[in-house]
Amino acid sequence: MRDAVQDEIIAQFDGLEWLDKYGLLISYAKELEPMDERFRNEENSISGCQSKVWIRTYKEDSRLIIDLDSDAMITRGIISLLLKVVNNRPPQEVLDLDLYFIDEIGLKSNLSPARADGLASIIRRIREVAEREVN
Amino acid sequence: MTDFKKDFPILDKEIYGKQLFYLDNAATSQKPNLVLDTISDFYRSDNSNIHRGVHYLSEISSEKYEKARQKVCDFIGAGNPDEVTFTAGTTDSINQVARSLEPVLKGNEVMITGVEHHSNIVPWQLAGAKLRAIPMDFDCNLLMDSMEITAKTKLISISHVSNVLGSVNKIKEITGIAKDHDIPVLVDAAQSIQHLPLDMKDIGCDFLAFSGHKMYAATGVGVLYTSERFSDIMPAKGGGGMVDRVTLEETTYLDPPLKYEAGTPHIAGAISIGAAIDYMQNIGMGRIRKHEHEVYSYARDRLLETDGVTVYGNTEEMCGSISFNLDGIHHYDTGLILDKMGIAVRTGHHCAQPLMRSLGTEGTVRASFALYNTKEDADMLIEGIEKVRMMYA
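Protein chains in written order, with the UniProt record's numbering: chain A, 1 to 135; chain B, 1 to 393.
These aren't lab readings, by the way, just hints derived from the structure by calculation. Among these hints, one or two may not hold up.
Stated by the list, open to error - The calculated DMTMM-like cross-link candidates involving lysine to aspartate or glutamate, where the alpha carbons are at most 25 Å apart (straight line), are:
#1 A:Lys21 / B:Asp339
#2 B:Lys5 / B:Asp301
#3 B:Lys340 / A:Glu42
#4 A:Lys21 / B:Asp327
To be verified - The following residues of chain B were derived to be distant from chain A, with all beta-carbon distances above 10 Å:
#5 Asn49
#6 Ala151
#7 Asp182
#8 Arg302
#9 Gly363
Unchecked claim - A few chain A residues facing chain B, derived, Cβ under 10 Å:
#10 Phe13
#11 Asp14
#12 Gly15
#13 Leu19
#14 Lys21
#15 Ile26
#16 Gln50
#17 Ser51
#18 Lys52
#19 Trp54
#20 Ser70
#21 Asp71
#22 Ala72
#23 Met73
#24 Thr75
C-beta atoms are modelled at their ideal positions from N, C-alpha and C, and glycine is treated no differently.
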């Protein structure tokens with residue numbers, strides 16, 4: 001099923017050269033609200049990434065709120081896009097989401113387990129949290 | 001200057017519509033036509049198992065395999081080819097020594113340096129040894145006078161050249177000290193075999209480990225040199241091809257080097273090392289060193305001249321790798337943008353986490369050079385860095 005938020009992201013990246021795509025990711029990174037320093041700790045970190053990634057989740061009015069941050073800009077950019085798609089939705093909706101925008105904007109290689117930004121680990125973690133909330 | 005790039009077909013490649021500038025040679029080097037043709041010819045016309053067959057092809061393969069061993073022997077100035085064992089690579093070579101020496105090392109100490117790759121740390125820990133590092137100064141020069149050899153020090157195991165910094169450790173000085181204490185020395189030559197002429201008689205180490213793939217040969221193959229005085233250590237691996245007589249009660253082994261080559265070895269890989277040596281010797285190690293030194297120094301100077309760049313390590317002699325960071329920009333972010341400009345570098349901790357801790361960083365950007373790199377590649381790197389900085393400004 002197509003998703004309006006993802007389609008809008010895809011339209012923005014469409015036809016851009018690689019460096020411009022990264023330029024766009026950097027501007028998204030700058031938009032992302034930084035996570036409070038005290039939450040950027042070992043407990044909230046996602047391992048397996050070359051850049052550091054921290055995650056916090058909680059529920060608000062039956063919606064799953066996700067807070068993500070990273071010490072690397074490109075990772076922040078990717079995170080920022082990801083949050084536009086998955087954040088603030090009911091957990092079941094998060095589980096049902098097909099994250100096709102990653103492939104379509106050309107970031108599919110970032111999903112491979114060896115990839116240093118650990119996008120695959122981040123998505124896995126979000127799904128785990130959503131699953132726990134659903135059950 | 002001769003253009004060596006024309007000998008390496010992959011270097012013609014375009015990525016993301018841009019010319020490839022390959023500066024990740026410390027991870028693996030590209031292969032010249034001579035090596036590629038040798039591997040292909042072997043499988044096309046000679047392929048057979050070695051040392052076992054009575055038939056024609058087996059004899060040809062065995063002959064080529066042993067010829068490769070002789071080439072390695074001559075290339076590193078070993079006393080005789082029996083001191084040369086083919087392994088799966090540097091990591092395998094070091095692990096084999098650790099396994100063979102385990103009875104001696106267990107509960108004792110191995111002296112390393114603070115710049116070691118994990119492959120010269122973990123095998124010793126697995127063998128039950130404690131590690132002690134030769135202290136170094138801020139520039140990563142080893143402080144030999146502060147080296148603390150104790151009664152428990154049973155081995156000194158050091159990299160010749162740091163895979164992160166390109167710093168060259170003074171291994172002759174170390175083997176000299178080791179000799180006074182009668183302690184064996186292992187030299188990890190993974191990052192020097194392709195850059196510097198090596199002579200076992202001159203260096204005087206007992207073990208030398210290196211990989212084929214970083215010296216223009218195949219992946220999955222390497223060398224362990226073991227000096228004759230250690231020719232009676234127990235093999236780390238058992239299996240076919242290394243035994244004299246096997247009963248259910250007891251087994252006797254062949255003499256080195258076959259004793260240390262259990263199972264079918266990487267025959268094509270070993271032969272490719274021979275071809276890579278031919279390739280390098282056709283150019284001449286002296287000429288390679290001179291050219292690489294010019295390009296390396298040029299690249300390093302240009303990086304040092306660039307504002308907002310921190311370059312790590314500064315020793316008298318350097319080669320291969322240069323590690324740096326752009327102030328305020330994550331190494332991963334730098335690497336990704338360089339990649340999209342066609343410049344291949346590596347980022348991260350480079351399998352040297354203790355060194356990263358000493359340098360006070362999570363990771364670095366590493367540009368590493370091979371004989372085919374030119375000053376133009378260094379210029380591209382600097383251009384790339386300017387672009388990175390603009391993009392994150």
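We went through each hint and held it up to the structure:
no., hint, verdict
1, A:Lys21 / B:Asp339, "holds (13 Å)"
2, B:Lys5 / B:Asp301, "holds (23 Å)"
3, B:Lys340 / A:Glu42, "violated (32 Å)"
4, A:Lys21 / B:Asp327, "holds (23 Å)"
5, Asn49, "holds (34 Å)"
6, Ala151, "holds (39 Å)"
7, Asp182, "holds (43 Å)"
8, Arg302, "holds (22 Å)"
9, Gly363, "violated (7 Å)"
10, Phe13, "violated (14 Å)"
11, Asp14, "violated (17 Å)"
12, Gly15, "violated (14 Å)"
13, Leu19, "holds (5 Å)"
14, Lys21, "holds (8 Å)"
15, Ile26, "holds (6 Å)"
16, Gln50, "holds (5 Å)"
17, Ser51, "holds (5 Å)"
18, Lys52, "holds (8 Å)"
19, Trp54, "violated (14 Å)"
20, Ser70, "holds (9 Å)"
21, Asp71, "holds (6 Å)"
22, Ala72, "holds (4 Å)"
23, Met73, "holds (5 Å)"
24, Thr75, "holds (7 Å)"
Consistency with the previously given hints fails for numbers 3, 9, 10, 11, 12, 19, ordered from lowest to highest.
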